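Participant: Protein chains in written order, with this note's numbering: chain A, 1 to 292; chain B, 1001 to 1269.
Keep in mind the hints are simulated off the structure, nothing from the lab. Computed from a prediction, not measured in an experiment: that's the story for all the values here. Mixed in with the good hints there might be a few duds.
Taking lysine-lysine pairs in the DSSO-like style, the calculated list, with each CA pair at most 30 Å apart, reads [as the list claims (entries may be wrong)]:
| # | chain 1 | residue 1 | chain 2 | residue 2 |
| --- | --- | --- | --- | --- |
| 1 | A | Lys43 | B | Lys1125 |
| 2 | B | Lys1125 | A | Lys6 |
| 3 | B | Lys1122 | A | Lys32 |
| 4 | A | Lys67 | A | Lys51 |
| 5 | B | Lys1159 | A | Lys67 |
| 6 | B | Lys1159 | A | Lys4 |
| 7 | A | Lys51 | B | Lys1125 |
| 8 | A | Lys49 | B | Lys1125 |
| 9 | B | Lys1155 | A | Lys4 |
| 10 | A | Lys46 | B | Lys1122 |
| 11 | B | Lys1098 | A | Lys32 |
| 12 | A | Lys51 | B | Lys1122 |
| 13 | A | Lys7 | B | Lys1159 |
| 14 | B | Lys1155 | A | Lys7 |
| 15 | A | Lys203 | B | Lys1006 |
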Amino acid sequence: MITKIKKHIPVILLLSPGFILLLTFVHIPVVKTIYMSFFSTPKGRKPSKFKGIENYEHMFSDPIFWKVMSNNIVYAISTIPSSIIIAIIMAQWVNSKLPGRPLLRFAYFLPVVLPLIAVGNIWLFFFLPGFGLIDQVGSLFGFQNTNILGNPDQVLWGIIVVSIWKESGFYMIFFLAALQGIPREMKEAAIIEGANSWQMFYKITLPMITPTLLFVSVNAVITAFTRIEHLFTMTGGGPNYNSALLLYYIYENGFEFWDTAYAITLSVLLIIILSIIGIGQIFLLDRKVHYQ
Amino acid sequence: MYSFYKNINIIGAWLLGFLWSLPLLYAIWSSIHPIEYQVKFDLFAPLTLYNFENAWSQAPFARYMFNTFIYVTMTTSCQFILCSMTAFAFARYEFPFKDILFGLVLIQLMINPEIILIENYKTIKFLNLIDTIPAISLPYIASAFGIFVLRQAFKTVPKELDDSARIDGAGALRILWHVYIPLSIPTFLAYGLVSISYHWNNYLWPLIITNSEETRILNVGLAIFSMEESGIEWATISAGTLMVTAPLIIAFIIFQRQFVESFATSGIK
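Full structure from sequences and hints, please.
Facilitator: Written as structure tokens, this is what we have:
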């Protein structure tokens, strides 16, 4: 036994710093989050008490929770397909022989490196009623003034546009790599066979980029549930929670209302969503392509 | 017909490129012109640096910049050390429960520190580190992505090099330092770029865990500055935004190819 342990001493030494940190900031907090979701928020000297599933009952009867969830689902369903389609178009353009390709690639990729919290400021100005850029340009064509971020029915779309702008360039580079991996002979053969560009895309490009498509989709779902910085500068989740997303609501409950028990309960839901995506990723994607 | 499609593509590509760079172009425009020219696009509008001076004087950007620099350097260098050790064990040693342990590492790809922010906040409070720069860094240091890409890189190092070093009696850390790390420099660079831009962009966790000027990073400082009730002029906010993003934009212009390639390697996660 002792000799067995001795044999593994280098491994233990190499792994322990990393695992101490992972345990401290990932594994234990996840377990504690789930455990604490059955307790109440400690108030002053009153320690937290076991409450069973009361927090979950509260969550399911909270109309704001349902609003936030439906926002997040609408947000995911609208941002993911559009940013992926734009990313594929961008990749095709950057991969073709268009003039000024390096500059185009630069422009498409730029939003990826810019902090969303900072560019949120500029977007906020674009959306400003009357004075903002959208209305200024719109008025040249005789359009009425808009108030997208102030309108409960439109505010989510403003956030969606910013997200598509931010993410498309990131997904583009994966599609670009996939496009460059398509053998030249395949395309040449298709041209000789007389395929038009639509057939070419449908019969050759699309099947060849399918693994990338799956990978990017999984990534996009994670992003749709975890990237919320633009909410802070642009809307603060408002008006009346019409642009709030799940993680934002978690933050707000935890650090603005100090209802930590409720924030933790909401986190459990987010952990479940992300775990389903994670498990789906392992089963869906070809392990060989993506993990080895 | 063919050239018609080609022209459509050129116009489309450039139109999209213009739309995509519009926020940055606009920020540049509004920050270098007087307030009267905010939405009056006159080529001969007078230029000014007033907005930058104004932004600079209204918030301690120098301090924020310094904090950000410390935070980003600290995080990335600790990640390098810690992730190479963990990655080395997974790449070149056989031990029980190896797959399960690696699975436990990969969980961090899905569950990053922000998702469990309440419990992480409690941990940092317990460690008595609230409102310190190490507190911003700590949860990110054992990075699953870093461990993953470095493990991939270490696996490609020829085993013979490793064996001959072992025969010479070198210990694990020395082999890692003298054989594996020098042969994986490109991976370190790529991972470093991704990590630097991730942390330069980070917001939610730094917002929660810091609450004073001495520890605040640029993103948090800028958000507080631009959300002030008093209503700061747009031109000033644009100038502040540009100052915050300038280091990243300049780095991106210089290392454009490396940036794109490094982000592409993050695809293997």
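Participant: Compare the structure with each hint and give your call.
Facilitator: Results of checking the hints against the structure:
| no. | hint | result |
| --- | --- | --- |
| 1 | A:Lys43 with B:Lys1125 | 17 Å, holds |
| 2 | B:Lys1125 with A:Lys6 | 37 Å, violated |
| 3 | B:Lys1122 with A:Lys32 | 11 Å, holds |
| 4 | A:Lys67 with A:Lys51 | 25 Å, holds |
| 5 | B:Lys1159 with A:Lys67 | 56 Å, violated |
| 6 | B:Lys1159 with A:Lys4 | 24 Å, holds |
| 7 | A:Lys51 with B:Lys1125 | 25 Å, holds |
| 8 | A:Lys49 with B:Lys1125 | 21 Å, holds |
| 9 | B:Lys1155 with A:Lys4 | 25 Å, holds |
| 10 | A:Lys46 with B:Lys1122 | 17 Å, holds |
| 11 | B:Lys1098 with A:Lys32 | 25 Å, holds |
| 12 | A:Lys51 with B:Lys1122 | 20 Å, holds |
| 13 | A:Lys7 with B:Lys1159 | 20 Å, holds |
| 14 | B:Lys1155 with A:Lys7 | 21 Å, holds |
| 15 | A:Lys203 with B:Lys1006 | 21 Å, holds |
Hint violations for this structure: numbers 2, 5, all remaining hints satisfied.
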